[in-house]
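Asker: Listed below, chain by chain, are the residues.
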Amino acid sequence: MNIIVCIKQVPDSTQVKVDPKTGTLIRAGVPSILNPYDHYALEKALAIKAKTGAKVTVVSMGPAQAVAVLRLALALGADEGVLLSSRAFAGSDTWATSYALAMTIKKIGQFDMILCGQMAIDGDTAQTGPGIAYHLGIPQITFCESVDSDGTRAVVKKLIEGGHQIMEADLPVLITTTMPVDYAPKYPSFMAAHKAQDKKISTWTEVDIQADPHKLGLEGSPTRVSRIFPPAARQKGEMFSGSAEEMAAKFVEILKKESFIK
Amino acid sequence: MIQIASNCVGCGKCVSTCPFGALSLVNRKAVANASCTMCGACVSVCPVKALSLPASGAAKKDLSAYKGVWAFIEIADNGQKQFVRPVGLELLSKGRELADQLGEELCAVVIGDNIQPYFAELSSYGADKIYAVEGQGYHDYNTAAYANAMVTLIKKYNPSVVLYPSTYIGRDLSPRISSELFVGLTADCTGLSIQDGLLIQTRPAFGGNIMADIKCPDYRPQMSTVRPNVFKKVVSRPGAMAQVVNEPIAIPAQAGKVRIISKQMDPITCGEKLDEAEVVLAGGRGMKDKAGFEMLETLACELGGAVGASRAAIDLGLKPKEKQIGQSGVTVAPKLYVACGISGAVQHIVGMEHSDTIIAVNKDANAPIFNVCKYGFVGDARQILPKVIDGVKKAKN
Amino acid sequence: MAKNDLTTRNLMLDSLKQYAKNRISHEFIREHDAKNEIPLEILKEMYDRDTLGVHLLLIPEEYNGLGGQTTEIYRVCEQLARIDLGIATGVFATFLGSDPINVGGTPEQKAKWFKKIADENKLVAYGATEADAGSDLVSLRTRAERVEKDGKIVGYKITGSKMWISNGGVADIYTVLALAPGGPSWFIVEKGTPGFTQDAHEDKHGIRLSNTAGLAFDEVYVPAENLIGLEEGKGFLQAQAVFGYTRLMVAAFGLGAGEEAVETALVYAQQRIQAGGPLAQKQGFMLKLITPHYVRFEAARAYIDWTAKQLEVNNHGLATEGAIAKLYATESGNKAAEDAIQAMGGFGYTKEFPVEKIKRDVKITCIYEGTSEVLEMTIFRGRWQEHLKSRGQYYIKQAEEFEAIHAKNPNVGADSVALGFRALARVLEDCRAQKLTRHQYITFMLGDLISEAEVAAVFSHQCAEGKITEGSRFDLNTLCTMARVNARLSAFKIATDGMKLILGVGAASAQDLSAAVNLVGIEEKMTGLITDEDAVSAKLREIFKA
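Chains as they are written, first to last, in the working numbering: chain A, 13 to 274; chain H, 8 to 404; chain D, 2 to 547.
Read the hints as simulated data drawn from the structure, not as lab findings.
Warning: the hint list may mix true and false statements.
Stated by the list, open to error - Calculated cross-link-like contacts (lysine-lysine; reagent style BS3-like; alpha-carbon spacing at most 27 Å):
(1) A:K269 / H:K342
(2) H:K240 / H:K280
(3) A:K169 / H:K264
(4) A:K269 / H:K264
(5) A:K268 / H:K370
(6) H:K240 / A:K262
(7) A:K211 / D:K18
(8) H:K264 / A:K61
Start from the sequences and build out the full structure, keeping to the hints where you can.
Answerer: Below is the structure:
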């Protein structure tokens, strides 16, 4: 069985800050991490590997530094990595990104299951997974909390509004994963990190994946950012301070006044 | 990289606008470095139009042939009954405004089984036309079946705008369609408007602390997803009846590759579902621990509300991820929203700002949450809440 | 297998950070600090090869370790210190305890003991210090008597005692320095050997999460194969061979602990509103209590990294450089922690925030592995020889080098470095001419000035080469600004302190001396100093947001 996991390097969102004056992002000194949804997807793939002996290949599109997340994945137990990196991909929106990743997966050739995090924490779109599935012409199941496979089919627990479904799919299939509460990503031991250096990471460009240049980067991206602006300033509400007792009394009074106490 | 023409006057406006720090002034001219992602944020601030993105490669097709604003209406089944998910009505309400501005018709697209009962309601929210794809095979959502139906309809009728709910179904379906049609799709828009005939899609970007306007000038239809509770429901045509166009579309064989084995709805505990509750109590980092959240649960039971949390509290493991309120979680617009120990980062604010009455409790008098609330209490929520609970209990007796 | 590259090193550090985030909370540390208790389960987990296996860095690959380079070991030390210096000390003691085997062990000894340490997650302790033999090992009292059988040495009986041994009460394996008939020698002693006992855990000012205990040896018999190197009398050489290296690790401790304290204070100051705005926006607050420390941290980081890279080529030695790194980084870390408390005011003084604990912890870095005063002596001795050998040209040559650097790159403070070197050369020469180094105090102070000059030089040089030291969170532009600030202050200190020393005990005209060290030239470079410091403050506010 061959599993491909698509992963992305993202700025650690808990450390991305905004300059209060200019309203722009401060990325200086912000560390990069593996997108936690992808981290979880990878762990799911590795669990299936442990059971079925599947080969796990990780794919990432990004700058040269993104090799760090591939190395992390290899240290955790993935078998091989592919870094898709070229200036030709700059300006890609989710359409161009999913096309490029799908072409990469086609070049890898063999796949029974593709796992993606449901979204990247720096974009929150959740579009790339379904996009890849379309370009590969395979079915998808999105927002899955658990993923399992015996090598012949996939069984997942998928979130739906107000509940969940247990679903099964024939292979090949693309699955996107959500992540559980209290998810603490696994990190490798020092020895595993050390040994991962010997695993293969290929670096490919648009030429390697035989992509249509008109479908890459900015050219392959239908969406355009036309303006960015700080959110509108707002008016402060009626403010109260004082002892906890005083404020609680005022609080209850407001609840009564606005008739929220029934 | 962004293209910088020689007429750059070195004013530096683009430098401070760039979200990635990719621009700088060298010898009083703007210069872009490798951090440029070609997001285009700088293009509109340049006073002399010296900045531009490389030309789009889209085949220049005749965009005037694309007319009509569509809203995908999600039919839900909670195990007890089938109903129109309210976000569909919100999309129609907003869609009505857009269609009027464009001078085009508003169409509801409904896919499902036994859907006629909803047509009157959809009409009252402004639909001029209803495209109905009906069949037993459409009772449960299936990506391949629904995507095939939508793509068939879009190719047949060429709408200029298609809106989807940002639900599990909408988010599964819409990117599949945009990929096939090679069109843009903007996720989780918090604002939609028309400018020069183009759909301007506004959403928080780059981590959720700045707003971005996004457009798709060269591709049709322009597609967006919108969270529940972002737009208000407005009955604009009470008693009207839309023209219904039945479209029999066969379910493709590929649909059978994915099967539902079982379906289970979560038991609804005290209060209601977060996105449908009339009262929402939300806690942030300032609630400190599970004991802090228990106070919120208690008050929620007293007021008949639901409890949510900010991203910071979710990160601390105080609430499950699905209770997160904000850009990367659930959007709510209840009658009463109480924010406790939440500072109010933009990414949280966009998820609750449309609530009718907002009460905020926070230790920091300068917390941004106070800028969106109607009533603000400067103090420790953990001290105040127990006393509020007592007060509410007394008031009820 | 290849040596670890930067990506691997960063991955190891991420693993370590993540582990600490999940397992070692401030509350956990606070509790153990109050109880004076070593979290043995944490150390065991950190040694578990499937969880982290930090100790494997020290062990060569052929013995199931991962043969870490000096760079990753110092970076791990820095990160450990940011987590808790007590825990860091527990890990470091194993590093240190294994070192005599690394330096002097026979291949068979390495195979036996390293495999044991690697595979069985053993804690090791380094037993050198005695009541009368601290940094000065010459007064060693612990004896090792030969046990002979049929005219052959079959073993040794060790008698004596050791004090302040890190991991002393909890280690499984001890490397013990004792005086054999042939001279000082290292022996491997296992826990449980008859006659070998450990004293109670010390009640210390800081690093209370590390176990410190005395060791007592009452005719403890060890087989001859436990004599490291199988040859008596090599003990001192083996001990000194690793000083450059072990002191670099403690330098990283000082750096890491200091950074953690000041970062805590800075993040706090971004939120703390005083007189209408956050403290961190106030110039006086930043320039007095925060910014100067980051300048010194980055200077220290550049120097430590530079020394580490040298050690990777030269393997051992570099005793002077190791001493400079440790003196500079630990004294900087210590002062930084002190100011971090001040910066946080009353909050800093309470145990709710980690800075008061860091202040107690970091002090040890100025003491163990050579007190600051011993290091000042070491540095002085090392460079005094160079000064004499070169007939006073040692620092003049370097000054010329930096004048050339300045001509090419005027933004890195190389001009001030050169002025500092020239002033230093002049001060050393006056000390020689007037025989002032007979005053012990002067040798200490010269050691200090030498370290100031050399650290400033390396920092400036790295910036001139466009090099951002790995682990730094700053961009090159900010680092250049810091290098300029640092070089100016260091040159000023050399000139003024140097004058103070010479005028204080020797005979000289203040005016002539001031001209000789070019004090006015050095002072002229102060133009723009505060502007540069303000620029650094602005960058700090940007990077360390609340």
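Asker: Against this structure, judge whether each hint is valid.
Answerer: Status of the hints after comparison with the structure:
1. A:K269 / H:K342: holds (14 Å)
2. H:K240 / H:K280: holds (19 Å)
3. A:K169 / H:K264: holds (16 Å)
4. A:K269 / H:K264: violated (56 Å)
5. A:K268 / H:K370: holds (24 Å)
6. H:K240 / A:K262: violated (32 Å)
7. A:K211 / D:K18: holds (24 Å)
8. H:K264 / A:K61: Holds. K264 of chain H to K61 of chain A sits at ~23 Å (cutoff 27 Å).
The earlier numbered hints that this structure contradicts are 4 and 6.
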